[in-house]
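Top line first, the protein sequences correspond to chains A and B. Numbering-wise (my numbering), the first sequence opens with residue 258 and increments by one. Numbering-wise (my numbering), the second sequence opens with residue 258 and increments by one.
Simulated from the structure, these hints should not be mistaken for laboratory data. The reader is advised that the hints may include incorrect statements.
For identical chains, the list gives no copy identity; a pair is met inside one copy or between any two copies.
Straight-line distance between alpha carbons at most 30 Å, and here's what the computed DSS-like set of lysine-lysine pairs gives [as the list claims (entries may be wrong)]: (1) K522 to K381; (2) K292 to K460; (3) K450 to K260; (4) K260 to K406; (5) K260 to K519; (6) K658 to K295; (7) K323 to K280; (8) K350 to K657; (9) K323 to K292; (10) K661 to K323; (11) K567 to K315; (12) K632 to K567; (13) K280 to K662; (14) K287 to K260; (15) K279 to K341; (16) K280 to K260; (17) K425 to K291; (18) K457 to K260; (19) K532 to K460; (20) K516 to K280.
There are 2 protein chains.
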Amino acid sequence: MIKVNENYFNLEESYLFSTIAKKVNEYQIKNPNKKVIKLGIGDVTLPLIPEVVKAMKKAIEEMGQKETFRGYGPEQGYDFLREKIAKYDYQDKGIDIDLDEIFVSDGAKCDTGNITEIFSKNNKVAITDPVYPVYLDTNIMCGRINKEKPVVYLPCTKENNFMPELPKEHVDIIYLCSPNNPTGATMTKGELKKWVEYAKNNKSIILYDAAYERFIQDQNTVHSIFEIEGAKETAIEFKSYSKTAGFTGVRCGYVVIPKEVKAYKENGEEVEVRKMWNRRQCTKFNGTPYITQRGAEAIYTERGRKEIDKNIEYYRENAKIIKEGLEEAGFNVYGGINSPYIWLEVPNGKSSWEFFDELLENVNIVGTPGVGFGKCGEGFFRLTAFGDRENTIEAIDRIKKYYKK
Amino acid sequence: MIKVNENYFNLEESYLFSTIAKKVNEYQIKNPNKKVIKLGIGDVTLPLIPEVVKAMKKAIEEMGQKETFRGYGPEQGYDFLREKIAKYDYQDKGIDIDLDEIFVSDGAKCDTGNITEIFSKNNKVAITDPVYPVYLDTNIMCGRINKEKPVVYLPCTKENNFMPELPKEHVDIIYLCSPNNPTGATMTKGELKKWVEYAKNNKSIILYDAAYERFIQDQNTVHSIFEIEGAKETAIEFKSYSKTAGFTGVRCGYVVIPKEVKAYKENGEEVEVRKMWNRRQCTKFNGTPYITQRGAEAIYTERGRKEIDKNIEYYRENAKIIKEGLEEAGFNVYGGINSPYIWLEVPNGKSSWEFFDELLENVNIVGTPGVGFGKCGEGFFRLTAFGDRENTIEAIDRIKKYYKK
Chain A
258 MIKVNENYFN LEESYLFSTI AKKVNEYQIK NPNKKVIKLG IGDVTLPLIP
308 EVVKAMKKAI EEMGQKETFR GYGPEQGYDF LREKIAKYDY QDKGIDIDLD
358 EIFVSDGAKC DTGNITEIFS KNNKVAITDP VYPVYLDTNI MCGRINKEKP
408 VVYLPCTKEN NFMPELPKEH VDIIYLCSPN NPTGATMTKG ELKKWVEYAK
458 NNKSIILYDA AYERFIQDQN TVHSIFEIEG AKETAIEFKS YSKTAGFTGV
508 RCGYVVIPKE VKAYKENGEE VEVRKMWNRR QCTKFNGTPY ITQRGAEAIY
558 TERGRKEIDK NIEYYRENAK IIKEGLEEAG FNVYGGINSP YIWLEVPNGK
608 SSWEFFDELL ENVNIVGTPG VGFGKCGEGF FRLTAFGDRE NTIEAIDRIK
658 KYYKK
Chain B
258 MIKVNENYFN LEESYLFSTI AKKVNEYQIK NPNKKVIKLG IGDVTLPLIP
308 EVVKAMKKAI EEMGQKETFR GYGPEQGYDF LREKIAKYDY QDKGIDIDLD
358 EIFVSDGAKC DTGNITEIFS KNNKVAITDP VYPVYLDTNI MCGRINKEKP
408 VVYLPCTKEN NFMPELPKEH VDIIYLCSPN NPTGATMTKG ELKKWVEYAK
458 NNKSIILYDA AYERFIQDQN TVHSIFEIEG AKETAIEFKS YSKTAGFTGV
508 RCGYVVIPKE VKAYKENGEE VEVRKMWNRR QCTKFNGTPY ITQRGAEAIY
558 TERGRKEIDK NIEYYRENAK IIKEGLEEAG FNVYGGINSP YIWLEVPNGK
608 SSWEFFDELL ENVNIVGTPG VGFGKCGEGF FRLTAFGDRE NTIEAIDRIK
658 KYYKK
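This is chain A alone, in the form it adopts within the complex (with noise of 0.2 Å):
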């Protein structure tokens, strides 16, 4: 009789989204006239710069042709893109980082979902509190989380400005986001220096989701874990041309793991993580599609340089907006400037959801409760930046009507 994998079903229902969904879609059809905003999902609204747009159509050219069509590519990536990567994301900064410990992939949530299974069932996990769902979700559906092996939460709260604190127990892995989803907040270099450490000490690897990297201003913000000292022997590094580069569509990331990170066998043998990762990635990956990755290596030209530029200032321009409309209206404000999300303290001791349908009724502004990022997200509420000028400045400004005093 075949068994189902019994841990899906430790899974909470992720009703998050649906639930908006819903909720979005019977107060339009019982208010036909309203124009609600949507400023929830982060999904980006800007269309792939031109340089992008003009090297994949050439990509797809050279595969209509005999004498230039590519068909299996390198499952790491084809080294084009990854000299590119090498180069602009970490060596210009000072990080020694070689072609063949980056693997590029078709994003960041299969990545930081996959790579849960190069590990071992038994290792300790902890997760920040609130914070992107996936990397809770994928340790449950293997089995290294559940009621017997719990997660370790790491709040990140109001009163400690939202930087999770080191666990006071031992833990193997540790997911950290920075700039985080949903808070906004960024791990300066002290802080993180501590969670290197802590690893280094512990033996534990960090993974690092730095989807969100691009979006940094502060000086003394990093924009690479590798940055810090020891972190190649003790972290693996996510990134996506997402947020980036509007490739939320498109699909295109890539993970990076430095051939100093160890992992160890029961019997405390030292094996090395990239390598596992390579054999994961050749047997149930097929590559990047080679257009994709055309499309990436154009955001490193000179002129892709500077119209993703461009395209990220229109959105961080939308984060002040939105950071500074709800200031005005006397709101207590976090994130919004790292980072393309807004997070705002639900006022007067009102539930997330209880906020979600106040903003959707009154003001028609559909956002996002933050209990659903996690407990610690309870009273707050989530906006994105992604959305269009327009639509943000008029949201902001319903907001202001009808929230100032």
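Position chain B against the provided structure of chain A, taking the given hints into account.
For chain B alone, kept in the frame of chain A given last:
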């Protein structure tokens, strides 16, 4: 201390294609003037069809304009593609498949690898021998197959016409690949019916890899396992555009899981497998690129289907040239009619690898030693029809000259 997934160390190091590459490389260095023809790896050589190129270019244009830009798409694939799949690949052939039973992906390698995640580690697995190594390896990597829980091999030999016999013991998961890689054998309706009955009686699930379906010419060979009565309760079907449409570097395929396919909890409770896969994909996958899906859609237009047929015909003609040439040269040859793979018996009791060396050194042709696909592949050798015509003809001429008595 961070621990690795030690199941990985139960994998045999896969030296097959790296050993081939090394041997070819060494030969070429010693013999720089020899023209080596490669009929080894199963990668296509014809470019993308014009209809696909056109559609993908249009999709990129859309992605470059704000009005038509698309961000995150549905994890299950866009309906525009699922509708074409449902109609052309199933409903037009009298098979009733709904859109929500179709999951678009980045290829059959990922799908056949990832599907193992939704089932219990305690299921007993049966795999034909020889076969595509990913089935075995992915089950070893997750700990379903090891010394204590060995795989049940289903030998496919000359004696049984490369048709596996039903297992003598109970198995829960059965991998079938038809047309088969590497033997080129296809299961007739009658053969497949036995397997569907077995699965029904044993509450097993058949994982049916139909990646080479488009090459079928025989009338009594099924294009989909769902042509068999009862298969909708017992089978999951994997399809790929890699060989059909030259998508090896574009990456697109799909899985079909009918609603009727059930698996069980330890307590006997029935679970819909489709829902398990949906949860897996929604958590660990972020959808196939929009541009890729528009490319796949174009395969189904009237013009697209004609262009694809022409390419398939080209590879079929290659297969015919290889098959007939080898027969003329005195070889025992299998496959090559409903499949792009030619499976030849190594003459004079030599091993697969001895024949590999002989072919490389004496006629400068590269193929794949059968033993690389499993123990029962020893004494056999795979050639592929995916090369270009001129090289294929030259290769076979050389073989005829060398081997013909």
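Practice problem: Give me the numbers of the hints this structure contradicts, sorted from smallest to largest. | Solution: 2, 8, 10, 12, 14, 16 and 17
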